[in-house]
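Number of protein chains: 2
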Amino acid sequence: MHPRHDTVAGLWRAAEDRDWSTYADFFAPDVVCDMRQTRERVRGREDWVRFNSEYPGDWHVTVQRVVADDDGAVSWVEVRIGEHVETGVSFFRFDDHGRVSSIVDFWPEPYEPPAGREHLVERY
Amino acid sequence: MHPRHDTVAGLWRAAEDRDWSTYADFFAPDVVCDMRQTRERVRGREDWVRFNSEYPGDWHVTVQRVVADDDGAVSWVEVRIGEHVETGVSFFRFDDHGRVSSIVDFWPEPYEPPAGREHLVERY
Numbered sequence: 001m002h003p004r005h006d007t008v009a010g011l012w013r014a015a016e017d018r019d020w021s022t023y024a025d026f027f028a029p030d031v032v033c034d035m036r037q038t039r040e041r042v043r044g045r046e047d048w049v050r051f052n053s054e055y056p057g058d059w060h061v062t063v064q065r066v067v068a069d070d071d072g073a074v075s076w077v078e079v080r081i082g083e084h085v086e087t088g089v090s091f092f093r094f095d096d097h098g099r100v101s102s103i104v105d106f107w108p109e110p111y112e113p114p115a116g117r118e119h120l121v122e123r124y
Numbered sequence: 001m002h003p004r005h006d007t008v009a010g011l012w013r014a015a016e017d018r019d020w021s022t023y024a025d026f027f028a029p030d031v032v033c034d035m036r037q038t039r040e041r042v043r044g045r046e047d048w049v050r051f052n053s054e055y056p057g058d059w060h061v062t063v064q065r066v067v068a069d070d071d072g073a074v075s076w077v078e079v080r081i082g083e084h085v086e087t088g089v090s091f092f093r094f095d096d097h098g099r100v101s102s103i104v105d106f107w108p109e110p111y112e113p114p115a116g117r118e119h120l121v122e123r124y
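Those sequence lines, one after another, are chains A and B.
For the first sequence, UniProt numbering begins at 1 and goes up steadily by one.
For the second sequence, UniProt numbering begins at 1 and goes up steadily by one.
In isolation and in its complexed conformation, chain A is listed as follows (with noise of 0.2 Å):
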């Protein structure tokens, strides 16, 4: 398993910890944070941490997949917020320091297949 790998389920688990101060070593002071889909961007450690503490709502994260090499890593999340399901990718960079440097978040939403297809896919 790759260094990187163990960096980001551990920064998760401090997420879902609440324990902010260990959350925060995960990253380097001067992060970048997009989230691609709303074209938000969050910079720096403290104001991102102070992003994921303020999010509303009792939150519990489930991490489902995790894939990481020299390059990055990428993690797959489910976010339950009571009976409500979010999912979460995370595509990280690290600095020399082993520190997230960058993140691109996607939550992707469900929505209805387009026409056109049905002879090829099953619905689950």
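Source of the hints: derived by calculation from the structure; they are not laboratory data.
Careful: at least some of the hints might be erroneous.
Unchecked claim - To give a feel for the contact side, a few chain B residues facing chain A, derived at Cβ under 7 Å:
no., residue
1, ARG39
2, VAL42
3, TYR124
Unchecked claim - Where chain B lies over chain A, by a calculated footprint (3+ residues, C-beta under 8 Å):
no., segment
4, 6-20
5, 31-38
6, 47-53
7, 64-70
8, 114-124
As the list claims (entries may be wrong) - Distance ranges between label pairs, derived from CB positions:
no., chain 1, residue 1, chain 2, residue 2, range
9, A, ARG65, B, GLY10, 20 to 26 Å
10, A, ARG65, B, GLY116, 25 to 31 Å
11, B, TYR111, A, ALA9, 24 to 30 Å
12, A, ASP96, B, GLY98, 38 to 44 Å
13, A, VAL61, B, ARG41, 24 to 30 Å
14, B, TYR55, A, PRO56, 37 to 43 Å
15, B, GLU83, A, THR22, 42 to 48 Å
16, B, VAL61, A, TYR111, 16 to 22 Å
17, B, TYR55, A, VAL63, 29 to 35 Å
18, A, ARG18, B, HIS84, 39 to 45 Å
19, A, GLU83, B, TYR111, 41 to 47 Å
20, B, SER21, A, GLU54, 49 to 55 Å
21, B, ARG18, A, THR22, 45 to 51 Å
We treat Cβ as the ideally placed atom computed from N, Cα and C, and that holds for glycine.
Starting from the known structure of chain A, arrange chain B on it as the hints suggest.
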């Protein structure tokens, strides 16, 4: 670079080239492809190749990132159809022959950010 990195780069190249015979060789005969947002599932290499080869429009794929390790791989691609750009994130797993045995696909759509976090984000 993990060898699965080349597998993922190669299958996207074959798709871009409409080289469906080469594309098919990247997949196990019983590959299962889940599109999580629409809850569509395609079973088997033959239907998966058809799904892609029949995909409408003059689409062109650019690979943005590939991350791969012993447990699987992830790609982030942009697919351009004329002026329109779609983003695709795919999680791959492989069989013992290095062929793709499962895919979970996300095609996140843009949306407006929720209110209440303007003090922490900029738009880009």
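Here is what the structure says about each hint:
| no. | hint | in the structure |
| --- | --- | --- |
| 1 | ARG39 | holds, 5 Å |
| 2 | VAL42 | holds, 5 Å |
| 3 | TYR124 | holds, 5 Å |
| 4 | 6-20 | violated (count 0) |
| 5 | 31-38 | holds (count 5) |
| 6 | 47-53 | holds (count 3) |
| 7 | 64-70 | holds (count 5) |
| 8 | 114-124 | holds (count 7) |
| 9 | A:ARG65 with B:GLY10: 20 to 26 Å | holds, 22 Å |
| 10 | A:ARG65 with B:GLY116: 25 to 31 Å | holds, 30 Å |
| 11 | B:TYR111 with A:ALA9: 24 to 30 Å | holds, 28 Å |
| 12 | A:ASP96 with B:GLY98: 38 to 44 Å | violated, 32 Å |
| 13 | A:VAL61 with B:ARG41: 24 to 30 Å | holds, 26 Å |
| 14 | B:TYR55 with A:PRO56: 37 to 43 Å | holds, 38 Å |
| 15 | B:GLU83 with A:THR22: 42 to 48 Å | holds, 45 Å |
| 16 | B:VAL61 with A:TYR111: 16 to 22 Å | holds, 21 Å |
| 17 | B:TYR55 with A:VAL63: 29 to 35 Å | holds, 31 Å |
| 18 | A:ARG18 with B:HIS84: 39 to 45 Å | holds, 41 Å |
| 19 | A:GLU83 with B:TYR111: 41 to 47 Å | violated, 21 Å |
| 20 | B:SER21 with A:GLU54: 49 to 55 Å | holds, 53 Å |
| 21 | B:ARG18 with A:THR22: 45 to 51 Å | holds, 49 Å |
Consistency with the previously given hints fails for numbers 4, 12 and 19, ordered from lowest to highest.
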